[in-house]
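2 protein chains.
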Amino acid sequence: MYNFTFHVPTTIHFGKGQISHLADLAGYGKKVLLCYGGGSIKRNGIYDQATKILSDAGLEIFELSGIEPNPRIQTVRHGVELCRKESIDMVLAIGDGSTIDCVKVVAAGAKYDGDAWDLVIHPELIKDALPIFSALTLAATGSEMDAFAVILDMTKNEKWDTAGECLKPTMSVLDPTYTFSVPARQTAAGMTDMMSHAFENYFSMDDGAYVQKRMAEALLKTMIHSGPIAPEKPDDYDARVNLMWSASHTINSLVGEGCAPVWSCTRWSMSSLPSMTSPTARALPILTPAWMEHVLSEKTEKQFAIYGRNVWGLTGTDDAPVTREAIARTRQFFTETMHMPATLHEVGITDEKHFDVMIQKAADGSKGSFVPLTKEDIVEIYRAAK
Amino acid sequence: MYNFTFHVPTTIHFGKGQISHLADLAGYGKKVLLCYGGGSIKRNGIYDQATKILSDAGLEIFELSGIEPNPRIQTVRHGVELCRKESIDMVLAIGDGSTIDCVKVVAAGAKYDGDAWDLVIHPELIKDALPIFSALTLAATGSEMDAFAVILDMTKNEKWDTAGECLKPTMSVLDPTYTFSVPARQTAAGMTDMMSHAFENYFSMDDGAYVQKRMAEALLKTMIHSGPIAPEKPDDYDARVNLMWSASHTINSLVGEGCAPVWSCTRWSMSSLPSMTSPTARALPILTPAWMEHVLSEKTEKQFAIYGRNVWGLTGTDDAPVTREAIARTRQFFTETMHMPATLHEVGITDEKHFDVMIQKAADGSKGSFVPLTKEDIVEIYRAAK
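Chains C and R are the protein sequences, given in the same order. Read in order, the letters of the first sequence correspond to residues 1115 to 1500 in the numbering used here. Read in order, the letters of the second sequence correspond to residues 1115 to 1500 in the numbering used here.
Note that these hints are calculated values from the structure, not bench results. Each hint should be verified, as a subset may be incorrect.
It does not matter which identical chain is used: a pair holds within one copy or between any two.
[To be verified] Distance condition first, Cα-Cα at most 27 Å in a straight line; then the derived DSSO-like pairs of lysine-lysine: (1) K1347 x K1416; (2) K1467 x K1270; (3) K1241 x K1144; (4) K1130 x K1347; (5) K1489 x K1500; (6) K1270 x K1489; (7) K1130 x K1166; (8) K1225 x K1144.
Same shape as in the complex, but just chain C:
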């Protein structure tokens, strides 16, 4: 196990009705920038509920709305301007991971003299931020409890992740009933996102991090158990609860710290496809099994066999068939059980000439630590996933 620092300062209020804790924001100042995406939080009543709690607590509310599913730097800049102009004390995201990501960079931008895009490209410039709060409406990215944010600049056709200790939210409200109205397809995409985070942390060559690996398996088993229930029975509280709480843990340090993983599929999906119509989560169920097959070797077989036995409950004693079955089950789960796309073609990548652009955009650090990969390897994985 590698040395690490574990620091998860976010207070989570989990369960039905926990939105009442938005009143606690009064302890952080007077002026709150309430940030959200489209109108869904107005339709489902969360907006009215939240603004009443904030007003009753004596807070003055300013608004940044229209945050995109892949948040744009232009929206971030607009939020930063608002924070400066109105001397905002704190930011509150109500929405999914994209909304929270946007708000994080707004909070840091408000404390930075230059342009907010600098903070996306150079995370080391993030030194301070306004206090960040969130009320989550989709179980997926884990942004409600982590240090990361992904921002897009369409003018540059670039999409990058940034991070900073001060981007970890001060408090997040996780009410699983808020995800009852999430459509089946989006529920499945969120599930793919969180499952990929778990995979990225799980597959590392560090055998010493035994407890982290067993906990990653616990999260994967929970997703495999609850994932198929939620799209079928949208108001199944138990399924929504377990997906929501698993999503946070896949990326909040619990299963990653000590393993020093360098993420691969998630980062390729993210930084390679900014101009594609599909969100990151739609590319992951395609690339992940293709990646598994590509990196499978005598050296990695043992890890995949452990995965097959501990996550899928496979019982064979010979590693090779267990391994093959584990990868097949992974693909089958994504495509047949969760109805996610199976090929890059299905998400609009119909021509190999896209690969060059995708590879060019792939960050240097995105080549994987489990098995280091060359650009040629990545192209082969893309090709296998056509």
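We have chain C already, so just place chain R on it with the hints.
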């Protein structure tokens, strides 16, 4: 799953050499009360290392030494006096869970006008505390990352646990190499302690907390894997690492929040046996399997069968034999693998007349939530464990 608030503010610096982070204490004031037990931290060099780092960081060091394995309220009072007299800014425990427990109540006592024993009996009086730091030397109680402390008053023959949000340490250093010198018997006792914490959180009737249960299984599997290695090969870094990090997670909220468990065996062992020579951990391997057998019924069989399959890897499809085997394996693991005592007789409880005292001391809240138990039930469990 029940509603809950998750708040784990302790920063953990984990791994070899992380003691250097004691220099960070300079950010919290000038005067530190360094607290420890016997002379072992002087013999193994940790004392010299720590005092040099603290001095180099410009801190003025005061000392409270001789903290007992079951810390006494008299020692706490002495610590509180020192804090007041010297206007101490922060407290630092170097040692095991007992040392950290003592230091927690010292830190709260320094901010309380009355006698520190009030804070043990009435946790609700704990409102504030000096910043608490620790460097851990034994994987066991999880005190380095939780809100709890257990204090003994020999004059009253009473031992109680108390708790407070402000008792959660600000920072703890977890260097697994510091546990290399822990004797085999003490390593095993520590393992029993952490395993019992996991059991207490794991066995609840709340089926909805799926992810917490899978994570508790992950911790139990890690202990069963690493537990037997550490006493045999004391300097096995991987084993020590995984035990140390599991111990913290069994009690830091991760597997307990959302399940609302009311602890049973741990609290009986603790509050019932203050005047016995054996520490809590020595009674647990005796009482836990006896408790399992006592509460086994048609209603609870399913949970024990899940335990058998997911933790012990048992494969039978019929619940009854899996359940019996799971309980047998638990007992066998404690007594044969970890060489812990098998009967109350072995830990000095040779006469049933002790049971009356033990029962009298058992706290009202210690009768279990998995299966509510009467005093008669508890006596039957003691009797079965003779």
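How the hints compare with the structure:
1. For a Cα distance limit of 27 Å, the shortest separation of K1347 from K1416 across copies, 25 Å, qualifies, whereas the shortest one inside one copy, 37 Å, does not.
2. Proximity of K1467 to K1270 under the C-alpha cut-off of 27 Å is restricted to the intra-copy arrangement: shortest distance 19 Å within a copy versus 81 Å between copies.
3. Taking the shortest Cα distances, K1241 and K1144 sit within 27 Å of each other both inside one copy (23 Å) and across copies (26 Å).
4. In this assembly of identical chains, K1130 and K1347 lie within 27 Å of each other by CA distance solely inside one copy; the values are 18 Å within and 48 Å between copies.
5. Only within a single protomer do K1489 and K1500 lie at most 27 Å apart by alpha-carbon distance; the minimum there is 17 Å, versus 67 Å between protomers.
6. Taking the closest pair of Cα atoms, K1270 and K1489 come within 27 Å of each other only inside a single copy of the chain (22 Å); across copies the shortest separation is 72 Å, beyond that limit.
7. Taking identical chains as interchangeable, the C-alpha atoms of K1130 and K1166 lie at most 27 Å apart only when both belong to the same chain, with a minimum of 17 Å there against 50 Å between chains.
8. Taking the shortest alpha-carbon separations for K1225 and K1144, only the intra-copy value of 17 Å comes in at or below 27 Å, while the best inter-copy value is 30 Å.
Of the numbered hints stated above, none is contradicted by the structure.
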